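Produce the entire structure from the sequences given, and follow the hints as far as they go.
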Amino acid sequence: MRALVARRLDGPATVELIETPMPEPGAGQVRIKVTAAAVNPVDVATTDGTLINYNLSAPREQFGIGWDVAGTVDAVGPGADLPVGTAVIGVADLLGRPLKTHAEYVVLNASAAAAAPEGLDLAAASTFGLNALTAHQALDALALSAGQTLLVTGAAGGVGGYAVELGKHRGLTVIATAGEDDEQLVGSLGADHFVPRSADLTAGVHAVVPAGVDGLVDAAVIGVGAQESVRNRGVHAHVVAGTPPTSLRGITVFPIFAAANRADLEELVRLAEAGVISTRVAETYSLENARTAYERLAKGGVRGRLVLIP
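First residue of the sequence shown? That's 1216 in the numbering used here, and the numbers climb one at a time after it.
Keep in mind that the hints are not guaranteed to be accurate.
[Unchecked claim] Beta-carbon label-pair distances, calculated as ranges:
(1) Asp1296 - Glu1443: 45 to 51 Å
(2) Glu1395 - Pro1425: 22 to 28 Å
(3) Ile1524 - Asp1296: 26 to 32 Å
(4) Gly1402 - Glu1498: 21 to 27 Å
(5) Thr1287 - Gly1402: 34 to 40 Å
(6) Pro1425 - Ser1462: 20 to 26 Å
(7) Asp1355 - Asp1396: 27 to 33 Å
(8) Pro1274 - Ala1414: 38 to 44 Å
(9) Glu1333 - Thr1417: 41 to 47 Å
Calculated from the structure, these hints are not laboratory results. Source: prediction; values computed, not measured. We put the CB at the ideal spot given by N, CA and C, even for glycine.
Structure representation (structure tokens):
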């Protein structure tokens, strides 16, 4: 089969489309014939060596690329509970695997996959897994109650956009910050208030909530500076790998690194079927043109997900 890999990540990386033996599922695993696989910022971080710079993985001769996948189960290992022929979505959440989802086939733990949303094509279904899972788990960590206030930075991006939608679904008042051109988009996702990225974030938030918001999902990775917008003893979800920011004024900081699991994925599938969370395909690319997709994402400004179609 064909698969995309990043090689020689102890120095400048090269991205290669290789021929490699078909992976076989082990106990509790499934093999998925890939129909579509979204491209995420973490994939760019894999190809440019950021994972090693952040001490998230040792240098390796080969890294697989890709976290999100949608496709069809075509083989199962002993004890796997997703039958052959099931349309599924999945998230490959382990960093150092030699092969991942940007390939023609991928093996995942069955617990990291769930039946795909009904009525949604698989390209669209491949776009929400990792980002919505991250936002969902960030909000679970914050444990805010309906009626409380939430600040989402980077609200036009993947994780931030889902944090807005899921926050509204949980009954929160959402204040969002993003670029000026994204105000309409962020509003369509459900944000109650908007602070443009060019404005003073603290002043903008305190104009709406004088005491500061109850919780923060920092998808733009502003860091400790964003805590000026959070009330004393509030909560802060740090949604990027690496050292969490310092906690000020009794604010609790939760490092968030998405953990794939069936229960959360099934909940997100249900919300996608109900239209609570959106699916947005920005553009599609072949595996042969994946490098172009990575370069496009690295430039920034993509709204929705770039999707690879094997």
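Now the hints, each set against the structure:
About 47 Å separates the C-beta atoms of Asp1296 and Glu1443, a value consistent with the hinted range of 45 to 51 Å. Distance hint for Glu1395 and Pro1425: a CB-CB separation of about 24 Å, consistent with the stated range 22 to 28 Å. Under the hint 26 to 32 Å, the C-beta atoms of Ile1524 and Asp1296, about 28 Å apart, fit the expected range. Separation of Gly1402 from Glu1498 is about 24 Å and conforms to the stated range, judged on CB atoms against 21 to 27 Å.
As the Cβ distance of Thr1287 to Gly1402 is approximately 37 Å, the hint placing it in 34 to 40 Å holds. At about 22 Å, the CB distance of Pro1425 to Ser1462 agrees with the hint of 20 to 26 Å. Under the hint 27 to 33 Å, the C-beta atoms of Asp1355 and Asp1396, about 31 Å apart, fit the expected range. In this structure the hint that Pro1274 and Ala1414 lie 38 to 44 Å apart at CB holds, the actual value being about 41 Å.
A beta carbon spacing of about 44 Å between Glu1333 and Thr1417 agrees with the range 41 to 47 Å that was offered as a hint.
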